[in-house]
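Once you have looked at the hints, place chain B on chain A.
From first to last, the protein sequence lines stand for chains A and B.
Sequential numbering of the first sequence, starting at 18, is according to the numbering used here.
Sequential numbering of the second sequence, starting at 456, is according to the numbering used here.
Watch out, some of these pointers could steer you wrong.
Within a straight-line C-alpha distance of at most 30 Å, the following computed DSS-like cross-link-like pairs (lysine-lysine) qualify [said to hold, decoys possible]:
#1 A:Lys83 <-> B:Lys456
#2 A:Lys58 <-> B:Lys523
#3 B:Lys456 <-> A:Lys72
#4 B:Lys523 <-> A:Lys31
#5 A:Lys37 <-> A:Lys58
#6 B:Lys456 <-> A:Lys81
#7 A:Lys72 <-> A:Lys31
#8 A:Lys81 <-> B:Lys497
#9 A:Lys72 <-> A:Lys37
#10 A:Lys37 <-> B:Lys497
#11 B:Lys456 <-> A:Lys58
#12 A:Lys83 <-> B:Lys497
#13 A:Lys58 <-> B:Lys497
#14 B:Lys497 <-> A:Lys72
Hints listed in this document are in silico derivations from the structure and should not be mistaken for laboratory results.
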Amino acid sequence: GAVVSQHPSRVICKSGTSVKIECRSLDFQATTMFWYRQFPKQSLMLMATSNEGSKATYEQGVEKDKFLINHASLTLSTLTVTSAHPEDSSFYICSAILQTGYTEAFFGQGTRLTVV
Amino acid sequence: KQEVTQIPAALSVPEGENLVLNCSFTDSAIYNLQWFRQDPGKGLTSLLLIQSSQREQTSGRLNASLDKSSGRSTLYIAASQPGDSATYLCAVRGGSYIPTFGRGTSLIVHP
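The following block holds chain A by itself, in its conformation from the complex (with noise of 0.2 Å):
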C-alpha cells in the first residue's frame, strides 16, 4: 500500500513555544489530507480537512490560529501547534487520500506531543 509518513514521531516542547509535525505521502500525490487528535483511549477526533493549494477546512471547536495547517502541495501537508499549552498534549495523526472517491485512506504512524 501507499505511504505515509509523518515527523517527527515524538516531540516535547516548552509551553509558549510553537510545534510543526510535517506530513508527507511518498509515492503518490495526496489531493486531500486529514488531521486527527487522539487523546489517551479515546478515538480518532477529526480536526481538519486540507485540499492542496487551498485554506484547510476546521472542524467545529478547531481553533485555525492554534492549530495552523498549510497543503502547499501534492505531498506535504504541516501542521503547526502555535502557543503550545500543556493541554496541547495529544497524539496528533494525518491521513492521506490519493483522490476524494472510492480509495483507501493511509495514515501516518502519528506525532506524540506533549508540552511542558
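Positioned in the frame of chain A, the structure of chain B alone reads:
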C-alpha cells in the same frame, strides 16, 4: 451526521479463539469501510478495505463483512494469537469522503 459504534469496547481472550468484532454506523450511504489496527502509541495500520458494493474482504486470518443496508460490519479473526493484541478501529467514508471512526475495540490475546 455519521456515528460509528464499536462493540465490544474491550475483549480479553485466550490464544486460539475465533473472534468477532462489531462495527455499526448510522448512515448507510457510505463509499467504503476500512478496518485498522493500532498498537499502543503508534499510528494506524490498514487491515481491510470494503467498498460499498462488496460484501466481504479477506486477508489471511482476517475476514471483514459489510451489510450496508443494516449499517453493520464485522471483523472476524480466526485462531487468535498474542500478536493480535491491539486496538481495532473501523472507519466509514460517506459523501464527505472524510473517514469517521468508532472508538475501537481493545483486544488482548493471552497465551
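Distance restraint between B:Lys456 and A:Lys58, which requires alpha-carbon spacing of 30 Å or less: Roughly 23 Å separates the two Cα atoms, so the pair holds.
Holds or violated: A:Lys81 to B:Lys497, with C-alpha atoms at most 30 Å apart: holds (26 Å)
Please work out if A:Lys72 and A:Lys37 have their alpha carbons no farther apart than 30 Å. holds (17 Å)
If you draw a straight line from the CA of A:Lys83 to the CA of B:Lys456, is it 30 Å or shorter? Holds, because 26 Å separates the two Cα atoms, which is no more than 30 Å.
Keeping to a limit of 30 Å between CA atoms, is the pair of A:Lys72 and A:Lys31 held or broken? Given pair A:Lys72, A:Lys31 holds - Cα atoms ~28 Å apart, limit 30 Å.
Within 30 Å, alpha carbon to alpha carbon, are B:Lys456 and A:Lys81? Holds. B:Lys456 to A:Lys81 sits at ~22 Å (cutoff 30 Å).
Satisfaction of hint between A:Lys72 and B:Lys456, Cα-Cα up to 30 Å: holds (23 Å)
Is A:Lys37 within 30 Å of A:Lys58, Cα to Cα? Holds, because 24 Å separates the two Cα atoms, which is no more than 30 Å.
Are the Cα atoms of B:Lys523 and A:Lys31 separated by 30 Å or less? violated (47 Å)
Regarding the pair B:Lys497 and A:Lys72, is the alpha-carbon distance no greater than 30 Å? Measuring from Cα to Cα gives roughly 28 Å; hence the hint holds.
Take a quick look at whether A:Lys83 and B:Lys497 sit within 30 Å of each other, Cα to Cα. With a Cα-Cα distance of about 24 Å, the restraint between A:Lys83 and B:Lys497 holds, given a limit of 30 Å.
Under the criterion that the straight-line Cα-Cα distance not exceed 30 Å, is the pair A:Lys37, B:Lys497 satisfied? Measuring from Cα to Cα gives roughly 19 Å; hence the hint holds.
The structure shown violates just one earlier hint, number 4.
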